[in-house]
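Trainee: Offset between the sequence shown (1-based) and the numbering used here: plus 312.
These aren't lab readings, by the way, just hints derived from the structure by calculation.
Glycine residues also receive a C-beta, built at the ideal position from the N, C-alpha and C atoms.
One or more of the hints may lead you astray.
[Unchecked claim] Derived EDC-like pairs: lysine to aspartate or glutamate, alpha-carbon spacing no greater than 16 Å straight-line:
no., residue 1, residue 2
1, Lys481, Glu433
2, Lys467, Asp511
3, Lys505, Asp517
4, Lys381, Glu334
5, Lys548, Glu626
6, Lys467, Glu425
7, Lys381, Asp616
8, Lys381, Glu437
9, Lys468, Asp426
10, Lys467, Asp517
11, Lys548, Asp322
12, Lys548, Asp324
13, Lys468, Glu433
14, Lys481, Glu437
15, Lys468, Glu425
16, Lys468, Glu421
17, Lys468, Glu437
18, Lys467, Asp426
19, Lys381, Glu331
[Unchecked claim] Between beta-carbon pairs, the in silico distance windows are:
no., residue 1, residue 2, range
20, Gln510, Gln545, 37 to 45 Å
21, Gln545, Gly513, 36 to 44 Å
22, Glu539, Pro447, 23 to 31 Å
23, Ala499, Lys537, 24 to 32 Å
24, Arg365, Ala506, 39 to 47 Å
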Amino acid sequence: MHDTRPLLLDSDFPAMQREVPETLQVNLGYLCNLSCTHCHVNAGPKRTELMAREQVELVLEVLQQRNFKTLDLTGGAPEMNPHFRYLVERARGLGVTVIDRCNLTILLEPGYEDLAAFLAEQGVEIIASLPCYAPQNVAEQRGKGVFERSIAALKKLNALGYGRGEGLKLNLVYNPNGTFLPPPQGALELEYKAHLQQDFGLQFDQLFTITNMPIKRYGAMLLAKGEYCAYMQLLKDNYSVENLPTLMCRRLLSVDWQGHLYDCDFNQMLELAINRGNSKAKGRQSVIARDRPQAHLRDLLESDFSGQEIVVGEHCYACAAGQGSSCGGSLVEE
313 MHDTRPLLLD SDFPAMQREV PETLQVNLGY LCNLSCTHCH VNAGPKRTEL
363 MAREQVELVL EVLQQRNFKT LDLTGGAPEM NPHFRYLVER ARGLGVTVID
413 RCNLTILLEP GYEDLAAFLA EQGVEIIASL PCYAPQNVAE QRGKGVFERS
463 IAALKKLNAL GYGRGEGLKL NLVYNPNGTF LPPPQGALEL EYKAHLQQDF
513 GLQFDQLFTI TNMPIKRYGA MLLAKGEYCA YMQLLKDNYS VENLPTLMCR
563 RLLSVDWQGH LYDCDFNQML ELAINRGNSK AKGRQSVIAR DRPQAHLRDL
613 LESDFSGQEI VVGEHCYACA AGQGSSCGGS LVEE
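Sequences and hints are given; from them, build the entire structure.
Mentor: Here is the structure:
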């Protein structure tokens, strides 16, 4: 597989410092029931990496000691980790908002039939991938039959009260199915709501538009098609300095399945370790080598890493282009 990592390390992306983190985003493993073309994690059914109970207990200890407001669970399919429900129940017991980044189809898999009801019972916020409201585009990104199963899962969630303004949040995620930036989030949300209501009687709360990141599986596709340079130029041509203050890495910490800390989920996938101690790397020195001693969840018991220099690379232009992009969608209010 082609790897874009070496192309991303030398960058002139502006230096940034972390504020006090409010969200702990935890990758529970790379095991997934799908293998989507835009997946920056290379997740799939054959992956075996899963967070162990020991690290899950550390997550809970950190949540309690550091007073994080939000626990953002991702994967793979985070629900396939055997400790998923334990972690959700304990975190909710601490009063922490829990987000489940759900691919929807997992709710219909054998052995997971009661998962939707569990999420509703715990008041978990669901952020679900649905790249388009049309079957063809979804099939191209996520595989044949995924759209139909996603619709069935959304109907199941609506029946439980999700997305109906009754307190259970259901937000959808749009990713472009080509080498272009997402359209304006607000206008596209209206389109989604109109089509899903008219065609399937479905409701949801918000649509999040997310720019495709030129790393891992998507990055390899760009290189294989000879589109990498043009895509990176598109990101740079649309870069907006106004997006820098609201980039998600400013108030978020990312944790991999082994408990190591990163500035964001994308740096995690590129194995770009977080800065530790009083290190203040600047500009092109911001990218750290793979062999750098890594910070771990247990280090969060001593420090919240606020004020530290964020490790940046060329891929950061994807988050700062156009309306901006984050795990919570566009950064620009329309």
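Trainee: All the hints need checking, so say for each whether the structure fits it.
Mentor: Each hint, compared with the structure:
For the proposed pair Lys481 and Glu433, the alpha carbon gap of about 13 Å is at most 16 Å, so the pair holds. Pair hint Lys467 plus Asp511 holds up; C-alpha atoms about 12 Å apart against a cutoff of 16 Å. For the given pair, Lys505 sits about 9 Å from Asp517 by alpha-carbon distance, which is consistent with the 16 Å threshold. Proposed proximity of Lys381 and Glu334 is supported: the alpha carbons are some 5 Å apart, at most 16 Å.
For a cut-off of 16 Å, the pair hint linking Lys548 to Glu626 stands: about 9 Å separates their Cα positions. For the suggested pair Lys467 and Glu425, the alpha carbons sit about 14 Å apart, so the restraint of at most 16 Å is met. Taken as a hint, the Lys381 and Asp616 pair is honoured in the structure, with Cα atoms around 13 Å apart against an allowance of 16 Å. The straight-line distance between the Cα atoms of Lys381 and Glu437 is roughly 13 Å, inside the 16 Å bound, and the hint therefore holds.
Proximity of Lys468 to Asp426 is assessed by CA-CA distance (about 11 Å); at most 16 Å being required, the pair is judged to hold. Restraint check for Lys467 and Asp517: satisfied, since their Cα atoms lie roughly 14 Å apart, inside the 16 Å limit. Restraint check for Lys548 and Asp322: the C-alpha separation of about 14 Å stays at or below 16 Å, so the hint holds. The hinted pair formed by Lys548 and Asp324 meets the criterion: a straight-line CA distance of about 11 Å does not exceed 16 Å.
Restraint check for Lys468 and Glu433: satisfied, since their Cα atoms lie roughly 14 Å apart, inside the 16 Å limit. This hinted pair checks out: Lys481 and Glu437 have alpha carbons roughly 5 Å apart, not beyond 16 Å. The suggested pairing of Lys468 with Glu425 holds, with an alpha-carbon distance near 10 Å, which does not exceed 16 Å. With a C-alpha separation of about 13 Å, the suggested pairing of Lys468 with Glu421 holds against the 16 Å cut-off.
Annotation: proposed proximity of Lys468 to Glu437 holds, straight-line Cα distance about 15 Å (limit 16 Å). This hinted pair checks out: Lys467 and Asp426 have alpha carbons roughly 14 Å apart, not beyond 16 Å. Distance hint between Lys381 and Glu331 is fulfilled; the C-alpha atoms sit about 14 Å from each other, no more than 16 Å. Our hint of 37 to 45 Å for Gln510 and Gln545 holds, since their Cβ atoms are close to 38 Å apart.
In this structure the hint that Gln545 and Gly513 lie 36 to 44 Å apart at CB holds, the actual value being about 42 Å. In this structure the hint that Glu539 and Pro447 lie 23 to 31 Å apart at CB holds, the actual value being about 25 Å. A beta carbon spacing of about 29 Å between Ala499 and Lys537 agrees with the range 24 to 32 Å that was offered as a hint. A C-beta distance of roughly 45 Å is found between Arg365 and Ala506, which places it inside the suggested range of 39 to 47 Å.
Violated hints are absent here; each numbered hint is respected by the structure.
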